[in-house]
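Given chain A's structure and the hints, the job is docking chain B onto it.
Quick note, the sequences are listed as chains A and B, same order.
Here this note's numbering is used: the first residue of the first sequence is 1, the next is one more, and so on.
Here this note's numbering is used: the first residue of the second sequence is 1, the next is one more, and so on.
Honestly, I wouldn't trust all of these hints.
Per the computed footprint, the stretches of chain B lying under chain A, defined by three or more beta-carbons under 8 Å from a beta-carbon of chain A, are [unchecked claim]:
1. 13-24
2. 32-44
In silico SDA-like pairs for lysine to any residue, Cα to Cα no more than 20 Å straight-line [as the list claims (entries may be wrong)]:
3. K79/A - F237/A
4. K18/B - W16/A
5. K18/B - G91/A
6. K24/A - L153/A
7. K202/A - S12/A
8. K18/B - S12/A
9. K24/A - A26/B
10. K24/A - R23/B
For the record, the hints were derived by calculation from the structure and aren't laboratory data.
By construction, the Cβ of each residue, glycine as well, lies at the ideal position given by its N, Cα and C atoms.
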Amino acid sequence: MAMSPALSRASSPARWQDYVQLLKPRVMSLVIFTAITGLVCAQGPVNPVLGAIAILCIAVGAGASASFNMWYDADIDAKMRRTRARPVPSGKVQGADALALGVVLSLFSVMLLGMTTNWLAAGLLAFTIFFYAVVYTMWLKRSTPQNIVIGGLAGALPPVIGWAAATGAAPLNAWLLCAIIFMWTPPHFWALSLYTSEDYEKAGVPMMPVTAGAASTRKQILIYSLLFTPLCIVPAFTGLGGLTYLAVAAAGGLVFLVLAWRVFRSRAGERIGERNDDGLYDVKASSKDARNLFAFSILYLTLLFATLLAEHLLDLPAVGAFQ
Amino acid sequence: MSAPLQDRRSQDPQAEAKARRGRNIALALGLVLFVVLVFVVTVVRLGASVADRPL
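If we strip away everything but chain B, and leave its shape as in the complex, we get:
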């Protein structure tokens, strides 16, 4: 299913670099969003109960 690597590269190196940069930023934002979501879920679900645990 995967095409040869040279087929995956653009003819225009500048356009390829710009597109790659955009994809990398989008991926980074996606990962940051996921981390933030897990943090928020943890805080909300634990809520006040976090203080009830035995020390």
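The following block holds chain A by itself, in its conformation from the complex:
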């Protein structure tokens, strides 16, 4: 990891808020949401207080892996508009401090989760931190365009950890939630990278549009969308989701496929002489379809998990209840 001179210069004293930023609070909120869904869907005999502490441990573990990522990726973060204001590349926090925070939070979160619930959940959390920090950040991210495909497993595991925390087991339905997030990740991130590929190219990160080109990326987005959307229906037939879930998954899946098809037919990610330096999220006209898919992918995943959560909390009818 090379470090630019700007990285070692402290422009202003580090505030505690800068350390909070190292934990990527927005990513953490998604982790909390999916982990709660796993914990609630498991319907295990978990004490509510211990359940809340388990979710806190999973969130802190996710924050720890984010801190490792911020430490290791400071050099490439400094080259990208989206990431150059992060605490380490901006000089607010030293890289070594980010590393120390990651180590301490990893140990505390895993140990406390083990003591609070069970060691299967703690082991899965430790594996998730290792997978994100070492396998994805240190190895895959800079070496292969499949980085976010394989690395997506780290982001997909929180519902399994939540399920294991509640029951001490990780059955098929828990892994189904994991598979949904895993298959969602490539179309989600590749849609984003279609209109931010110049940043990745500048930083030397081999994202799919940089290495395989925009046309190939659009085709792969469509292929993954064709695999992802039917998978979202499956929980309705394994006892995990009910009728409401089936309706949301089917209708949303249809919209997802239409948007993926539009991306496939568009020229998103191609350099056709347009320039737009106004801001990160000001998108070239040709990439609007990619932006739409990216935005809807977030909404769709949120709706799927929120519906599962609501069905289990409100005890809504399952598929086949009216037969």
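Using the frame of chain A, we list chain B on its own:
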């Protein structure tokens, strides 16, 4: 990876002192939270069984 110590200090001693105070308070609150969590976990997990142990 670590920078020289003088690079880590702010040019403004007052701002540095204020930031350090904020970090210290946050660290203290974090440690207190951890102690409270361990205590709560212990109490909840033991529950009523704490009275069942042989004296």
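### Task
Count residues of the stretch 32-44 of chain B with a Cβ under 8 Å from any Cβ of chain A, then say if the count reaches three.
As far as the stretch 32-44 of chain B goes, the hint holds, because 6 residues have Cβ atoms under 8 Å from chain A.
### Query
Within a Cα-Cα threshold of 20 Å, do K18/B and G91/A meet the stated pairing?
The given pair, whose Cα atoms are some 18 Å apart, holds under the 20 Å limit.
### Task
Starting from K79/A, check that the Cα of F237/A is at most 20 Å away, please.
The given pair, whose Cα atoms are some 46 Å apart, is violated under the 20 Å limit.
#### Entry: Agreement of K24/A and A26/B with the hint, judged by alpha carbon distance not exceeding 20 Å
Holds. K24/A to A26/B sits at ~17 Å (cutoff 20 Å).
### Query
Taking only the CA atoms, is the gap from K18/B to W16/A under or equal to 20 Å?
holds (11 Å)
### Satisfaction of hint between L153/A and K24/A, Cα-Cα up to 20 Å
holds (18 Å)
### Task
Compare the distance between the alpha carbons of K202/A and S12/A with 20 Å, and conclude whether the hinted pair is satisfied.
violated (27 Å)
### Task
With a cut-off of 20 Å on the C-alpha distance, tell me whether K24/A and R23/B pass.
With Cα atoms ~18 Å apart, K24/A and R23/B stay inside 20 Å; holds.
### Task
Would you mind confirming whether the straight-line C-alpha gap from K18/B to S12/A stays at or under 20 Å?
Within the cut-off at roughly 12 Å; holds.
### Message
Tell me whether the statement that chain A covers the stretch 13-24 of chain B is true, taking a Cβ distance below 8 Å and needing three residues at minimum.
### Response
Holds, because 7 residues of the stretch 13-24 of chain B bring their Cβ atoms closer than 8 Å to Cβ atoms of chain A.
The structure is inconsistent with the numbered hints 3, 7, although it conforms to all the rest.
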